[in-house]
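Student: Line by line, the protein sequences are chains A and B.
Just so we're aligned: the first sequence equals residues 1 to 95 in the working numbering.
Just so we're aligned: the second sequence equals residues 1 to 487 in the working numbering.
Hint data in this document are derived by calculation from the structure and do not stem from the laboratory.
Honestly, I wouldn't trust all of these hints.
What the hints assert, rightly or not - Here are the computed lysine to aspartate or glutamate pairs in the EDC-like style, where the Cα-Cα straight-line distance is at most 16 Å:
1) K379(B) to D65(A)
2) K379(B) to E50(A)
3) K89(A) to D325(B)
4) K92(A) to D325(B)
Claimed, not checked - For the chain A half of the interface with chain B, some residues (derived, Cβ under 7 Å), not all of them:
5) M29
6) E30
7) Y37
8) Q43
9) T73
10) P81
11) R83
12) F88
13) I93
14) I94
Only a predicted model underlies this, so the values are computations on that prediction, with no experimental measurement involved.
Every residue, glycine too, gets a C-beta built ideally from N, C-alpha and C.
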Amino acid sequence: MKLSREELRGVALLARLRLSPEEESPLAMELDAILGYMDKLNQLNTDDVEPFGHTMTALNPLREDRVTNQPDTESLLANAPDRDGTFFKVPKIIE
Amino acid sequence: MSLAQLTLHDAAEKLRNREFTAVELTEAVFQRIAETEPRVCAYLTLAHDRALEDAARADEARKKVPGSGPLLGIPIAIKDNFLTKGLRTTCASKILGDFIPPYDATAIAKIRSAGAVIIGKTNLDEFAMGSSAENSGFFPTRNPWNLGRIPGGSSGGSAAAVAADECTAALGTDTGGSIRQPAACCGIVGLKPTYGRVSRYGIIAFASSMDQVGPLTKDVRDSALLLEAIAGHDPADSTSVNSIVPRYSEMLADDIKQLRIGVPKEYFVSGVAAEVGYAVRKAVDELEKQGAVVEEISLPYTKDAVAVYYIIATAEASSNLARYDGMRYGYRANARDLLETYTDSRAAGFGPEVKRRIILGTYVLSAGYYDAYYLKAQKVRTLIKQDFDEAFKKCDVIVTPAAPTAAFGLGEKIQDPLQMYLSDICTIPINLAGLPALSLPCGFDKDGMPIGIQLIGKHFDEPTILRVAHQYEQSTPWHKQKAKFKD
């Protein structure tokens, strides 16, 4: 296995995903097959190849920093899972 | 004939000639939806009342300003990963719940200001991750040609809606083939423009270095018209390119004599169905008959594209999808503390394919594996782009199959992610190189399923691939065939 059960749990935690025990074992097998397939890239010599940057050679476009939208608290809060007046309500972050 | 069957350009002409109104056209589309949608399941959300209001407004506008543009009063379906102000947008994911966007994507704002009527939001693989539309968090869409087959993906709902005449034309997005492969599966025309040609602002991000917006239409002229409407620079998308948008629809008429067409041998290997290879070869013969000069070429790194793509796309996705944390919008689980709120919200909100890709992307970016996977893939991506740069010194257009097989059966590949990934093998290299490519029907297999051909152009050379496609289409009967709704 390319990815141990322990490693898989570690990566899932990095990605902020909880995996159920039923999900873990098929996922480990699928990832094993996919990563095995990807390993074929290691047969290619890329010593003198630059990593890809952008499909076009473009400079970073710059623009003036000015407000273009109208503040609309209500429409921004409309999708909040939980709110308190004009605030997003979230779980306690600092103990 | 129902008005719902008309192409965009036919409908636009008849609207201009006052043969019917936009309200009548929109009603015909909803009538068609009432008849076929229970079998096809192309839409996640229908905007019936609002569409009829928009159609009435389009009819009013036509009275006031004659000579209006081709989109005025045209019923368009939108893939549900475009933000549409005030209209539920789910990306086919439970994690977005009943998200109501506070603004329109730029492409939506553009077609709205051109007077288009938005019929509804179409189904897709969750977060546009998939090749069959089976990864939708809600239900699978079926192929209008054969209801036991997949419509392709991820823009499966948009492709099925066009093929079933449940809209006049549709918009989709394409990260690794998500417009072209479903278009091929459903026997319609799908165009992925050059990366940077159409603004990505307001598109729910999957893999930002490859995502691109494009049209799914009943013929090539419609594709040109819709691209004209959505293309152009947008200050809100720093990767959109500031160059003039050609009048694509006025550049279709010229013949293709002396045009150099490259046929890469790597696209006709095992894994490509014999019937597909045959139909594409026949199409190349037709182009040659019309005066094009055909040459066999080689794109040696084609075989590595799928591996490169699934490293880069999952890496970008793992980063883009970090925003779904259940704080400001979307699904939030009840949990003991902050960390569990994150992990449980994401566990419940994302489907299996999205989780698989987030984990894969996190892994290939993580310490100790970054060089072996991500950096290696970015280097091979350079080699793939150089393949195309070399090829385009010798030819003007590259022709390949749009997909290795016709539409496969529902459930056939869903248990084997790697097999599903390989169904994108013909389209993925084009996204890696940022090129424009179009797929259009070039025949049917023995089961009566459509086969698609792919035309690949140089950066920003949409006019040439549209012209070749149009010339081919005019001399062949495929696009006039209608879906048969076989059980």
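Student: It remains to establish, for every hint, whether it holds in the given structure.
Tutor: Structure-based check of all given hints:
1. Between K379(B) and D65(A), the direct Cα distance comes to roughly 35 Å. Violation of the 16 Å bound is thereby established for this hinted pair.
2. Proposed proximity of K379(B) and E50(A) is supported: the alpha carbons are some 6 Å apart, at most 16 Å.
3. Taken as a hint, the K89(A) and D325(B) pair is honoured in the structure, with Cα atoms around 13 Å apart against an allowance of 16 Å.
4. Distance hint between K92(A) and D325(B) is fulfilled; the C-alpha atoms sit about 14 Å from each other, no more than 16 Å.
5. Contact between M29(A) and chain B, as hinted, is not supported at the beta carbon level, the nearest pair being about 10 Å apart and thus beyond 7 Å.
6. A cut of 7 Å between beta carbons decides the hint on E30(A): the least distance to chain B is about 5 Å, and the hint holds.
7. Annotation: Y37(A) was flagged as interfacial toward chain B, and the flag holds, the nearest CB pair being 6 Å apart, inside 7 Å.
8. At about 9 Å, the closest approach between the beta carbon of Q43(A) and any beta carbon in chain B exceeds 7 Å, and the interface hint on this residue is violated.
9. Using the Cβ-Cβ criterion of 7 Å, the hint placing T73(A) at the interface with chain B is not satisfied: the shortest such distance is roughly 11 Å.
10. Interface restraint check: P81(A) against chain B, minimum CB-CB distance 4 Å, threshold 7 Å, status holds.
11. A least Cβ separation of about 10 Å between R83(A) and chain B goes past the 7 Å threshold, and the interface hint is therefore violated.
12. At a threshold of 7 Å, the smallest CB-CB gap from F88(A) to chain B is about 6 Å, leaving the interface hint in force.
13. Annotation: interface hint on I93(A) holds; nearest CB of chain B at approximately 6 Å, less than 7 Å.
14. A hinted interface residue such as I94(A) counts as satisfied when its beta carbon comes closer than 7 Å to some beta carbon of chain B; here the least separation is about 10 Å, so the hint is violated.
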